[in-house]
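Visitor: Start from the sequences, fold in the hints, and give me the full structure.
Residue numbers (my numbering), protein chains in the order written: chain A, 2 to 312; chain B, 2 to 312.
These aren't lab readings, by the way, just hints derived from the structure by calculation.
Treat each hint with caution, since some may be false.
Since the list gives no way to pick one copy over another, a pair counts as held whenever it fits inside one copy or between any two copies.
Unchecked claim - Lysine-lysine pairs mimicking DSSO-like chemistry, simulated, CA-CA at most 27 Å apart:
1) Lys114 / Lys81
2) Lys238 / Lys158
3) Lys3 / Lys159
4) Lys104 / Lys157
5) Lys261 / Lys230
6) Lys81 / Lys104
2 protein chains.
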Amino acid sequence: MKIVALAGGVGGAKLIFGLARASDTLDLTVIVNTGDDFDHLGMRICPDIDTICYTLAGLANPDTGWGRVDESWNFITELKAIGGEDWFRLGDKDLATHVERTKRLNEGQTLSKIIKDFCDLWNVKHLVLPMSDQEVATIVSTLEYGEIPFQDYFVKKKCEPTIKSFRFAGINNADPAPGVIDSIEQADAIVICPSNPWVSIDPIINIANILPSLRQKTIIAISPIVGGKSIKGPAAKMYSELGIQPSAFAIAKHYQNLIKAIVIDDQDISLKKDMTNLGIIPFNTNIVMKTPEDKINLGKDVLNYIDRIIR
Amino acid sequence: MKIVALAGGVGGAKLIFGLARASDTLDLTVIVNTGDDFDHLGMRICPDIDTICYTLAGLANPDTGWGRVDESWNFITELKAIGGEDWFRLGDKDLATHVERTKRLNEGQTLSKIIKDFCDLWNVKHLVLPMSDQEVATIVSTLEYGEIPFQDYFVKKKCEPTIKSFRFAGINNADPAPGVIDSIEQADAIVICPSNPWVSIDPIINIANILPSLRQKTIIAISPIVGGKSIKGPAAKMYSELGIQPSAFAIAKHYQNLIKAIVIDDQDISLKKDMTNLGIIPFNTNIVMKTPEDKINLGKDVLNYIDRIIR
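Guide: As structure tokens, this is what we get:
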């Protein structure tokens with residue numbers, strides 16, 4: 002089975018881990034949000050791509066979900082000692098990725114080529130594609146600070162500002178990275194990972210030509226909200242601040258007219274009828290992925306649901 | 002006593018350590034070669050300045066003489082794993098210096114200001130000045146490869162190519178860094194550290210206005226060559242390849258008409274007469290600095306010799 006998954010960072014990576022381990026024969030391509038990417042300390046940092054790649058490479062930190070396993074922090078400690086910015090935590094191993102990527106980007110290589118090279122050297126079997134080789138920057142419009150770059154909102158200000166809206170700077174000049182449209186067209190189904198709809202999935206979907214090609218496919222989304230709360234991150238807080246009751250139903254509404262099915266948690270079973278009324282097939286299972294087994298079980302469930310809806 | 006020392010990297014740093022520890026009341030300014038500086042992996046790297054600063058800050062690796070004590074190497078290991086250049090060994094702690102310096106240089110700060118800020122945060126009591134805030138690049142003309150950048154010769158090719166000559170690209174447009182001329186003018190004496198005359202001291206001396214101001218002062222040099230061999234590095238090999246017999250006498254000749262005195266090793270005592278004939282006062286002591294005590298003893302000796310020659 003050929004699957005294309007749309008993913009952001011930590012939440013997406015959990016399901017990607019599960020899907021990759023659920024089946025030895027799965028042909029999986031991950032199209033990753035790059036709206037979180039930013040320039041910092043002279044380096045181009047791509048948090049979501051790195052999280053997905055490290056996860057598939059077996060190099061990810063299982064405790065944080067981001068960064069490298071067995072990481073050391075000598076660089077950032079010394080950076081702080083000489084007055085440098087330490088609000089974005091960069092581990093010593095992780096730094097190699099940023100330095101080498103930045104060097105190659107400055108030499109004119111594309112992000113997709115660089116990611117491919119890294120993944121080959123890390124023995125990643127599955128294909129990881131940035132949504133675009135052109136820069137797209139998620140800008141968060143906040144009540145308190147006006148427009149601020151995504152990482153300022155997400156890391157520096159710890160998601161505390163009140164959301165008014167989002168925009169994706171550069172998106173009108175961004176093309177899908179090579180392979181993105183082809184992989185969507187060839188896929189048996191598309192999986193929207195339990196990532197943040199506003200800032201992880203919307204940037205991908207809104208790249209020119211991606212949405213029209215998705216509309217030809219069978220799509221299943223996994224809710225990032227359980228019991229009205231985000232499993233991780235600010236998705237539920239964002240819905241509330243935008244005047245929408247946060248729930249798995251809000252996620253279904255978000256992707257209405259795009260998805261054929263949604264996977265929600267067992268505790269949200271009461272929402273299934275509302276989803277059916279939207280014309281979306283709801284599946285329920287345990288979607289809170291705490292252990293590797295949780296991830297693999299959800300991966301297997303998702304593959305089974307796909308099997309049912311594409312028949 | 003006010004002393005200005007001209008220094009390169011590892012050899013110079015040994016004496017700088019000794020001078021700084023030899024006297025609590027010494028007013029020491031170190032003017033450091035920047036001809037070895039280079040751009041690597043998007044970072045501006047200043048090996049000699051960092052070695053001197055780390056030494057004065059108590060952060061230097063006592064085994065190698067360069068880099069940081071208690072260093073970790075996770076960055077460079079991971080860089081190699083993704084196909085990056087690992088010929089120049091960058092430690093995790095050391096990297097913070099390069100990243101923060103490069104960021105500040107790109108913001109328009111001067112190298113001398115950046116070094117001052119770092120040294121203040123590292124509690125360095127003495128003043129460390131780059132020879133210039135403008136870039137000067139030592140270029141090595143070799144028999145085998147033609148002209149190559151200094152670090153290509155020194156680190157990548159391990160000093161193996163045969164030397165034909167040196168030049169210092171950019172030196173005609175380089176001014177002494179703020180404080181360099183003032184500190185020389187106010188000094189009671191100038192110390193030329195046991196650094197490489199060709200590639201560590203000559204770049205400093207050949208900056209516009211530095212040589213004329215040095216000519217007004219009492220200068221003492223410490224030989225980097227003992228028994229016809231370099232204590233460390235390629236100085237003796239360079240003299241041989243340039244057709245000059247390597248010896249402490251060659252060092253005295255190198256600095257003839259500039260220095261008043263030279264400090265040579267006890268085992269070179271037979272060369273003293275030749276030096277006297279050049280009009281240079283020779284002092285002999287143990288100049289091979291293996292232990293911290295060796296460095297402090299030589300520091301004390303040098304201060305005593307200065308006391309004698311400036312009376």
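Visitor: Decide, hint by hint, whether the structure agrees.
Guide: Results for each hint:
1. Lys114 / Lys81: between (33 Å within a copy, 18 Å between copies)
2. Lys238 / Lys158: Cα proximity of Lys238 and Lys158: one copy only (14 Å, versus 57 Å across).
3. Lys3 / Lys159: neither (37 Å within a copy, 51 Å between copies)
4. Lys104 / Lys157: both (25 Å within a copy, 19 Å between copies)
5. Lys261 / Lys230: Within one copy, since 23 Å is at most 27 Å while 79 Å is not.
6. Lys81 / Lys104: both (24 Å within a copy, 14 Å between copies)
Checked against the numbered hints listed earlier, the structure breaks hint 3 alone; every other hint is satisfied.
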